[in-house]
Amino acid sequence: MPADATATAVPAAMPKPLSPIGEFWGYFRANRGAVAGLVFVVAIMLVAIFAPILAPHPPDLTNDAVFLKPPAWQAGGSWAYPLGTDAIGRDILSRLIFGARLSLLIGVVVVTLAIIVGVTLGLIAGFFRGWLDTAIMRLMDIILTLPSLLLAIVIVAILGPGLMNAMLAVAVVVLPHYVRITRAAVITETAKDYVTAARAVGATRARLMFSEVLPNCAAPLIVQASLGFSTAILDAAALGFLGLGAQPPAPEWGTMLADAREFVLRAWWVVTFPGLMILGTVLAFNILGDGLRDALDPKLKR
Amino acid sequence: MLRFVLTRLGLVVPTFIGMTLVAFFLIRLVPGDPIETMAGERGIDPARHAKLLTEYGLDRPVFVQYAIYIGRVLHGDLGKSMITQVPVLNEFFALFPATMELALGAIIFALVLGIPAGIIAAVKRNSIFDQGVMGLSLTGYSMPIFWWGLLLILLFSVQLGWTPVSGRIDVRYYIEPVTGFLTIDAWLSGEKGALRSALTHLVLPVIVLGTQPLAIIARMTRSAMLEVLGEDYIRTARAKGLSSLRVVALHALRNALVPVVTVIGLQVGVLFTGAILTETIFSWPGVGKWMIEAISRRDYPVLQGGVLLLGVIVMAVNLLVDITYGIINPRIRHAR
Numbered sequence: 009m010p011a012d013a014t015a016t017a018v019p020a021a022m023p024k025p026l027s028p029i030g031e032f033w034g035y036f037r038a039n040r041g042a043v044a045g046l047v048f049v050v051a052i053m054l055v056a057i058f059a060p061i062l063a064p065h066p067p068d069l070t071n072d073a074v075f076l077k078p079p080a081w082q083a084g085g086s087w088a089y090p091l092g093t094d095a096i097g098r099d100i101l102s103r104l105i106f107g108a109r110l111s112l113l114i115g116v117v118v119v120t121l122a123i124i125v126g127v128t129l130g131l132i133a134g135f136f137r138g139w140l141d142t143a144i145m146r147l148m149d150i151i152l153t154l155p156s157l158l159l160a161i162v163i164v165a166i167l168g169p170g171l172m173n174a175m176l177a178v179a180v181v182v183l184p185h186y187v188r189i190t191r192a193a194v195i196t197e198t199a200k201d202y203v204t205a206a207r208a209v210g211a212t213r214a215r216l217m218f219s220e221v222l223p224n225c226a227a228p229l230i231v232q233a234s235l236g237f238s239t240a241i242l243d244a245a246a247l248g249f250l251g252l253g254a255q256p257p258a259p260e261w262g263t264m265l266a267d268a269r270e271f272v273l274r275a276w277w278v279v280t281f282p283g284l285m286i287l288g289t290v291l292a293f294n295i296l297g298d299g300l301r302d303a304l305d306p307k308l309k310r
Numbered sequence: 019m020l021r022f023v024l025t026r027l028g029l030v031v032p033t034f035i036g037m038t039l040v041a042f043f044l045i046r047l048v049p050g051d052p053i054e055t056m057a058g059e060r061g062i063d064p065a066r067h068a069k070l071l072t073e074y075g076l077d078r079p080v081f082v083q084y085a086i087y088i089g090r091v092l093h094g095d096l097g098k099s100m101i102t103q104v105p106v107l108n109e110f111f112a113l114f115p116a117t118m119e120l121a122l123g124a125i126i127f128a129l130v131l132g133i134p135a136g137i138i139a140a141v142k143r144n145s146i147f148d149q150g151v152m153g154l155s156l157t158g159y160s161m162p163i164f165w166w167g168l169l170l171i172l173l174f175s176v177q178l179g180w181t182p183v184s185g186r187i188d189v190r191y192y193i194e195p196v197t198g199f200l201t202i203d204a205w206l207s208g209e210k211g212a213l214r215s216a217l218t219h220l221v222l223p224v225i226v227l228g229t230q231p232l233a234i235i236a237r238m239t240r241s242a243m244l245e246v247l248g249e250d251y252i253r254t255a256r257a258k259g260l261s262s263l264r265v266v267a268l269h270a271l272r273n274a275l276v277p278v279v280t281v282i283g284l285q286v287g288v289l290f291t292g293a294i295l296t297e298t299i300f301s302w303p304g305v306g307k308w309m310i311e312a313i314s315r316r317d318y319p320v321l322q323g324g325v326l327l328l329g330v331i332v333m334a335v336n337l338l339v340d341i342t343y344g345i346i347n348p349r350i351r352h353a354r
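Sequence order for the protein chains is A and B.
Under my numbering, the letters of the first sequence match residues 9 to 310, in that order.
Under my numbering, the letters of the second sequence match residues 19 to 354, in that order.
The following block holds chain A by itself, in its conformation from the complex:
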């Protein structure tokens, strides 16, 4: 341990013990990066909600007078199209704004699916052990062994390209993380006294699973969910880029990049901005997830 570790310990005079949420917020707030990530995520959410108000044009409106118009600050650009237009005259800014809706939708759907299925399987594996546990965990090992995007690609190739199938495929690919976390937490928790006590007073298995053990597994799941948003957005965008995710004319950022590929030689803006949005959003969720982990995990607390 470096010398400064003791210096940042709890201040001497603390009036009353903080609530768990207050304590969490105290740790989280101290991490400037994590707060910045949170601010960015909230901003993207607001943009997604108020997309019709914020966007200067409808996302699918083509205008054959303004093919590949450069951004406003470049020669030939105009403030009617602040970030320029694409090859069929659609406003890039408006498409990016509406694209935020799709990316967040992807994150929510994938993480929700993965949590529901993953937590259920993890609870079953952790509670019942035996052959069920072995079967579930082996299956998860197989999913983890196959390169993630490759598996997602094959699933989509077989189910057919499209946003829904892409989300389903990504959810399958990220599933093992949720199963493993839940199972590990369940096994640790069931060994503790409070579970034995609950069992001794006659709590049913379902009650043990859902009202005793599950709430205590929440912290690692919250962290994984935040990091899971970034994986979901990144993988779904990669599928979109390969033509397997959201289909044109949907303003999904990865799909926009796929459309933009052939113009890389003469229109830098159609390529640059959608990728910047993907990077920014994924980075924000990753920083947020790291911050949540540091604030929630007592072992890492300095």
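Just so you know, not all the hints are guaranteed correct.
Derived coverage of chain A by chain B (criterion: at least 3 residues anywhere in the stretch with Cβ under 8 Å from a Cβ of chain B; other residues may be distant) [stated by the list, open to error]: (1) 59-71; (2) 149-156; (3) 210-217; (4) 229-237; (5) 245-252; (6) 291-300.
Please keep in mind that the hints were generated in silico from the structure rather than gathered at the bench.
This one's a predicted model, so the numbers in the text were calculated from it and none came from an experiment.
Yeah, the Cβ is synthetic: ideal placement off N, Cα and C, and Gly gets one too.
Position chain B relative to chain A; hints supplied.
Chain B in isolation, oriented as in the chain A frame:
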């Protein structure tokens, strides 16, 4: 030791069987039976359809079909491409060296930059350099590499004209394949300019594919190094009056690299995933591009065989890493 290796080998068998199950049943999720799929949009007359079904054993129960399939897989028969009629295994190994060359280049790139960056960041903890490395590492980890590739093409190929946009070597050169690694073959051929051409084609794809492993390795090296630097024996070494450089390079690094080696092994999956995107962007003729093309042509045997082969390679590398780790670290070996 032998017991340890055998246990690990034993764990691979169910995973392999599971992978063949996944490969076998995924293809069966395609609507219609394989004969209809093979016939494609042209259609097929019912009599010939029935005959082919019997011929391929597709009228037998599913588990019999699976047994036939796994028997063929174990004999190295992964079926033929529906488009080229070439055995999948032959196509795979013809293209695999290109992917290997790319992946090896990427991992070398990641190691050469990542390990020193991680060490310096740990030694100069909380410095501007450290914060820079950590920030860049997080950015690299979050990078959509298909976009990163396009940006690099925009900058180095379009604006500066330094590197070619796609392919492995200039069309002027014909290089006889010896090793399958074009940089080595070009060098062996002794043709003037061929090696240079192969290298300039390689550099951008290598950077693109190496970015995520670089981010992970830098981060991992830093945290492993920080942990080791806090140990008592390092304090002892410093107390003896050894120079800082000596302590870091001789005493700390050796132990810090153990977890890093594991992480390098685990990058194989990341590399294959990245190779699919990188090869697509740079028209790099490897297995990733081959599989993406198989999707658009609905060439299911290629897809099925490719997934299985890549999965087996990842599994084999993971096993090797596991065993190596056990050899380096006796605590793992003996912990049941």
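Confirm or reject the coverage of the region 149-156 of chain A by chain B under the rule of 3 or more residues with a beta carbon closer than 8 Å to the chain's beta carbons.
Contact hint for the region 149-156 of chain A vs chain B: holds, 6 residues under 8 Å.
Taking 8 Å as the C-beta cutoff, is the stated coverage of the region 210-217 of chain A by chain B satisfied by three or more residues?
violated (count 0)
Take the region 59-71 of chain A, compare each residue's beta carbon with every beta carbon of chain B, and decide whether three or more fall closer than 8 Å.
Result for this restraint: violated, n = 0.
Counting residues of the region 245-252 of chain A whose CB is closer than 8 Å to a CB in chain B, do you get three or more?
holds (count 6)
Coverage criterion applied to the region 229-237 of chain A (partner chain B; beta-carbon cut 8 Å; 3 residues):
Coverage by chain B is violated for the region 229-237 of chain A (0 residues, Cβ < 8 Å).
How does the region 291-300 of chain A fare against chain B when you require at least three residues with a CB closer than 8 Å, holds or violated?
holds (count 4)
The structure fails hints 1, 3, 4 (numbered hints given earlier, in ascending order).
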